[in-house]
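Novice: If you want the building blocks of each chain, they are given just below.
Number of protein chains: 2
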Amino acid sequence: MHIKRENISPDNFLFYCSKCGNSQKISLKDLIIKEIPLLLDVDSHKLEQAYKKGNLKFYQNRFITALQFRKSVAKIEAGTMVCFSNEIHIIRGFPKIRRTLMLEKAMELHFQREVAVEEKMNGYNVRIAFINPEIVAFTRGGYVCPYTTRKASEIMDLSKFFYDYPDLVICGEMLGTDNPYVSHYYPEIGKLGFRIFDIREKVTGKPLSIKKKNYLLEKYNLPPVRLFGLYSLPEAPTKILELVKNLGENGREGVVMKDPLMKIPPLKYTSSQAHADELVYAFKFPFDLGKSFFFSRVVREGFQSYEMQESKDEMKKRAQRLGESILYPMVETIKHISADEVAGEDLVMEADNREEAEEFLHHLQELGVVAVLLKYENGRAVIRRIHQSTTDKIKNFLNGGLY
Amino acid sequence: MHIKRENISPDNFLFYCSKCGNSQKISLKDLIIKEIPLLLDVDSHKLEQAYKKGNLKFYQNRFITALQFRKSVAKIEAGTMVCFSNEIHIIRGFPKIRRTLMLEKAMELHFQREVAVEEKMNGYNVRIAFINPEIVAFTRGGYVCPYTTRKASEIMDLSKFFYDYPDLVICGEMLGTDNPYVSHYYPEIGKLGFRIFDIREKVTGKPLSIKKKNYLLEKYNLPPVRLFGLYSLPEAPTKILELVKNLGENGREGVVMKDPLMKIPPLKYTSSQAHADELVYAFKFPFDLGKSFFFSRVVREGFQSYEMQESKDEMKKRAQRLGESILYPMVETIKHISADEVAGEDLVMEADNREEAEEFLHHLQELGVVAVLLKYENGRAVIRRIHQSTTDKIKNFLNGGLY
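Protein chains in written order, with our numbering: chain A, 1142 to 1544; chain B, 1142 to 1544.
Just so you know, not all the hints are guaranteed correct.
Put simply, identical chains are the same to the list, so a pair is met inside one copy or across any two.
Heads up, simulated DSSO-like pairs for lysine-lysine below, C-alpha to C-alpha not over 30 Å straight-line [to be verified]: (1) K1432 / K1246; (2) K1425 / K1457; (3) K1237 / K1175; (4) K1536 / K1237.
Rather than coming from a laboratory, the hints here were simulated on the basis of the structure.
These numbers were taken from a predicted model, which means no experiment stands behind them.
Build the full structure now, drawing on both the sequences and the hints.
Specialist: Okay, here's the thing in structure tokens:
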């Protein structure tokens, strides 16, 4: 079954049969209750319910026409996209990677024999796929990001890979300082770069083994994340604790541990400095980020300090880092708002022209982010993201509002 | 209208008319929809709904038979008790005292001309009232605490006061180290003591003026909280910031600011050390206390540091105190549980005999607190309160459970 994209609207899909060439109209409803349940092996009633509740949504922009899983439905992850090109392409949502608090015990329970340890980098999660006739980049939630889509193909030569493997999805992290979502400096990345951690199948989301993935990345000259090594299960925790300590001291985030065959879901483990960085960010905008966000990062610190069997001095250092990463940014923001400013963050991106920057802004607004284009000059746009709750609440308290 | 307490059960109240002496049965339902709405000036339908939802509950123990407001209903505060003795006594819930984050601005908005500044002490809130024929002590939620009831009359001679003023309620804080709710050391209190901050009317909950209150307390030789003084509005904030700083340095909690005539609701403001103490407590039992609990204490620190215009050094000290009050107790608890112990706190109380301690234990269980009597010896009972979520979750993570 094929679909003609030009004719697609929520109520009117034009299919033509790949065997006899006959065309036939089909409604979105029929797609949801007849076609997609077969492709995804999920109950048609559940999909219909999800559509009614808005957890499954019609999505259309200049790149694709699709159904977007805003929330997970049965075993189908949030962020899954069912794209209607000349045929149906399904890009599964990137699965949540669970976190170990106690590295040794969790690895012992979770893995078998060996683990591959890769670097976890601080950027934003991107899935890149060929949706005939274009190569498209999806953010975690399934939105097509115009900036990422353009940059991905500038940074990497993806056409050969997708020519040979149109049914695979490249999963990686967009990194660097000119990253309009998560700006973080890496010496080897600089302004903007991409690192690939998974190659997965369309429709099933099944990942290739580490070996197969790295073979393909090398063959097509695509940039992998750092693989620190393969460790036997007994030696891994000590190695990883040491590794994560070093990564932290170099301002880096942490690691992802993987079954070499990718039959077992990966786990992640992060450095104290990464927790502190995230707390700094969170307490810059204390009324916009959730209380669970603060709490979970603080809990990680407790378990890490315990597992690392820290000395009194090391603990004191950690406690101080924790306290400073909470207090300083908060006071900074209060001062800032007391000067009649707003709580905002300025994000930098490259853009060939003002229209491109504005298209990205539009994309942010679609995500529910309040942002304005602050300036555009010589191919660089500065976008100010505004944290409205923090601005409003702090202003209110400064004016004598009661807690 | 009078009520005969001996005959009271949820379905069967025996009243007798104060005029003619005639007795008449009345159901709880009729009380809720006919009598209480008149006394409290609240909609009968709302009360009935509250009773159906369990927000208004029948409450009976060896001291009283009552209706307890588990949650607020219209303008009637949670913790309000409608007690059926030989007549109806209404003890209003103690109103929540709101907090200033920015002292100067909030006071300017909130008060007029002058404020009385009293010490806010770290114990538990108690209302004491004469419910014919006994003097009874209520905790914040309206429960009659057998321990507090007994101790209140041991610590203070309340009979003369209540003989003269049966329609007033004494509101204060039970303090000291042998305090089975909130154990905190005060040099002038030692093991157990009581300090009175308000005298309020039954039924309306209206507080006496500061002057009238202190006159009565002096006359009946009852212990008031410290009154630091009366300050004019312009000078108050600077004085209070200084005062709270000193209080904190002496391990004390903070202040309550009051309109001398008590026509305006009071406000509270607390020291950094008090926030740290509460964080220590919270992070000893991180999975039992709410995330909002952590968050609000941390936010207080931010605004206080800002308003006190701290130097770099002072801020660093505060940040360190904050970080240590989070990390240290958490790691301590993880270590403790890793040794196969439970997350618990041992509370000490005086008790004339084992039965008394057990009655208190029973009272705690009624409040939903998991506790056991650890030992009883020479008039002192040690009660272990168990924090089950913290115990279970930390055990799970130590065993490799994923976050």
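Novice: Using 30 Å as the alpha carbon limit, work out where K1536 and K1237 are close: within a copy, between copies, both or neither.
Specialist: Result: close only across copies, 23 Å inter versus 36 Å intra.
Novice: Given a CA cutoff of 30 Å, do K1425 and K1457 count as a within-copy pair, a between-copy pair, both, or neither?
Specialist: both (23 Å within a copy, 17 Å between copies)
Novice: When no copy is named, should K1432 and K1246 be tagged within, between, both, or neither for a Cα gap of at most 30 Å?
Specialist: For K1432 and K1246, both the intra-copy (28 Å) and inter-copy (27 Å) Cα distances are at most 30 Å.
Novice: Using 30 Å as the alpha carbon limit, work out where K1237 and K1175 are close: within a copy, between copies, both or neither.
Specialist: Only inside one copy: K1237 and K1175 sit 28 Å apart there, 57 Å across copies, limit 30 Å.
When held up to the earlier numbered hints, the structure conflicts with none and fits them all.
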